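Undergrad: Residue numbers (the numbering used here), protein chains in the order written: chain A, 16 to 159; chain B, 16 to 159; chain C, 16 to 159; chain D, 16 to 159.
One or more of the hints may lead you astray.
No copy labels: a pair is met if it fits in one copy or bridges any two.
Calculated cross-link-like contacts (lysine to aspartate or glutamate; reagent style DMTMM-like; alpha-carbon spacing at most 20 Å) [as the list claims (entries may be wrong)]:
{"#": "1", "residue 1": "K134", "residue 2": "D59"}
{"#": "2", "residue 1": "K134", "residue 2": "E51"}
{"#": "3", "residue 1": "K100", "residue 2": "E144"}
{"#": "4", "residue 1": "K68", "residue 2": "D81"}
{"#": "5", "residue 1": "K28", "residue 2": "E51"}
{"#": "6", "residue 1": "K115", "residue 2": "E144"}
{"#": "7", "residue 1": "K134", "residue 2": "D81"}
{"#": "8", "residue 1": "K115", "residue 2": "E51"}
{"#": "9", "residue 1": "K28", "residue 2": "E64"}
{"#": "10", "residue 1": "K115", "residue 2": "D81"}
{"#": "11", "residue 1": "K28", "residue 2": "E150"}
{"#": "12", "residue 1": "K134", "residue 2": "E123"}
{"#": "13", "residue 1": "K134", "residue 2": "E150"}
These are calculated hints, taken from the structure and not from any lab test. All figures in this text were calculated on a predicted structure; none of them were measured in a lab.
Number of protein chains: 4
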Amino acid sequence: MSTPFQPHLTDIKVRGYHLDLYGHVNNARYLEFLEEARWGFTEDHGSFEAFTKASLAFVIVNINIDYRRPAMMGEQLVIETAMQKIGSRSAMIHQAVKLKGTDTLVAEADVTFVVFSQKTGSAVAMENEVRAIFEALPTWPTKS
Amino acid sequence: MSTPFQPHLTDIKVRGYHLDLYGHVNNARYLEFLEEARWGFTEDHGSFEAFTKASLAFVIVNINIDYRRPAMMGEQLVIETAMQKIGSRSAMIHQAVKLKGTDTLVAEADVTFVVFSQKTGSAVAMENEVRAIFEALPTWPTKS
Amino acid sequence: MSTPFQPHLTDIKVRGYHLDLYGHVNNARYLEFLEEARWGFTEDHGSFEAFTKASLAFVIVNINIDYRRPAMMGEQLVIETAMQKIGSRSAMIHQAVKLKGTDTLVAEADVTFVVFSQKTGSAVAMENEVRAIFEALPTWPTKS
Amino acid sequence: MSTPFQPHLTDIKVRGYHLDLYGHVNNARYLEFLEEARWGFTEDHGSFEAFTKASLAFVIVNINIDYRRPAMMGEQLVIETAMQKIGSRSAMIHQAVKLKGTDTLVAEADVTFVVFSQKTGSAVAMENEVRAIFEALPTWPTKS
């Protein structure tokens, strides 16, 4: 009945400027990879435009990232992004970075955010239209 | 008898290139601030040289960062860094980013790492000389 | 007879983490965009593998970049990359960043590099096989 | 009579996250080092506050950077910054990156900027009060 689950996919190839002292992708750089993937995720579902119109902004309150395996020069990565859960005041996106075409996990992260109203200057409850936006997004069946 | 606890302190002033879409320091950039502070921390205690000589490397396996308050153009930040705990296979550093001269918390993070031997190609147990290096470092009395 | 000239094309969409204080792509970030495009350029023509095998490295000696028009959130950019000229000791790549689907120039740069031999520890003359690699690459008819 | 010339000095120590594929500071990263130094330069002379009050912004139109010698892990750099020349529509800052305590040049750049009025939406002529601000800044006697 329902469409089979499919996370959003973002491809990134590891380049020389992503690496650090040890020849591995630097741990700060992964947060840019994850942000790149989240923009693609929200864009695919029209969320960013809706948010901007309503003077709402995403504000990240926590990132919990596991580094599983170093990524090296020339490796092709894919970032899988989907909603993890929606609370009353915040919501969580889970993102997995894998070697493309394999199940090898390079990194994975839980990203918790609140929705902030630029009109009222405060966080918005995850209710009604706001909640509906996130409920409509692809959601991980169980945490990978 | 013992010296009163003092975390390592690193000063960073927020500049135009640290900001993003919302005029706040970007969440990936904080990981560079934290790395800068950890290099200063290990350097002050001679750990990096000792590690390099022994062909040991720090490998970060998890970063759990809370973003508490946006940092903006021109703000003066201070990063407090000290050991949090030492396990059998990994250890954790805790870092707090504050507005300088205040108790206002901008961000705080737990950074978990293992020590990797470039000779054996595997993680090293937190025992003997390796454990001694981390036990000699300033350690948070309780998690702030 | 000859194939019509076509520079290498790299697409980049402007994201929140690319911006700075003024809401424009930061000037340092363009150098990452240009590096991304050069890796794609050399990769398409097999140059990087050939270089690595021969223990040769590209070393950039000068970048001269004009910033023509600020790029903003959500804009789709395309980077055009091709060889500009080959001297006796160095060579130059020219890269143009445009708003995709238009002739609007966002930035353009001349990137001068030498080829460095990791075996001899010195720069290599642009002769014989080395010169042949660069002569085989797409070359701008005249500087745009 | 006049104070002897002294460029603005900014210290930066090379850290693991500054490096790339070849173990050298990445060429994009130098532009962040230079920006850091220019903020310090303008700050020391009160220029940024004056500009912000008057709704004026610095807009960089060209950076021409020579990479002279790779900078490596742990090296202590100093960036020397001063005005180079003031034209009718634009002005140029020259910046030299050296190994601290030596004359060894790591990189040097000419940075050309215009002053942009956020009120009129156009560049401002380098006249009167605007020109006076830049004329009061330390200026290189001759290009190093």
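Undergrad: Run every hint past the structure and note whether it holds.
TA: Hints, one by one, checked against the model:
For a Cα distance limit of 20 Å, the shortest separation of K134 from D59 qualifies neither inside one copy, at 26 Å, nor across copies, at 36 Å. When the C-alpha separation of K134 and E51 is checked against a cutoff of 20 Å, the pair qualifies neither within a copy, at 26 Å, nor between copies, at 33 Å. Only within a single protomer do K100 and E144 lie at most 20 Å apart by alpha-carbon distance; the minimum there is 16 Å, versus 44 Å between protomers. For a Cα distance limit of 20 Å, the shortest separation of K68 from D81 qualifies neither inside one copy, at 34 Å, nor across copies, at 28 Å.
Both within a single protomer and between protomers do K28 and E51 lie at most 20 Å apart by alpha-carbon distance, with minima of 13 Å and 9 Å respectively. When the C-alpha separation of K115 and E144 is checked against a cutoff of 20 Å, the pair qualifies neither within a copy, at 35 Å, nor between copies, at 34 Å. For a Cα distance limit of 20 Å, the shortest separation of K134 from D81 qualifies neither inside one copy, at 35 Å, nor across copies, at 24 Å. Taking identical chains as interchangeable, the C-alpha atoms of K115 and E51 lie at most 20 Å apart whether they share a chain (17 Å) or sit on different chains (19 Å).
Taking identical chains as interchangeable, the C-alpha atoms of K28 and E64 lie at most 20 Å apart only when they sit on different chains, with a minimum of 16 Å there against 28 Å within one chain. Taking identical chains as interchangeable, the C-alpha atoms of K115 and D81 lie at most 20 Å apart only when both belong to the same chain, with a minimum of 18 Å there against 30 Å between chains. Proximity of K28 and E150 under a CA criterion of 20 Å is satisfied in neither setting, with 31 Å inside one chain copy and 26 Å between copies. Taking the closest pair of Cα atoms, K134 and E123 never come within 20 Å of each other, the shortest separation being 34 Å inside a single copy and 28 Å across copies.
Taking the shortest Cα distances, K134 and E150 never come within 20 Å of each other, neither inside one copy (24 Å) nor across copies (43 Å).
Going down the numbered hints, you'll see the structure goes against 1, 2, 4, 6, 7, 11, 12 and 13, while the others check out.
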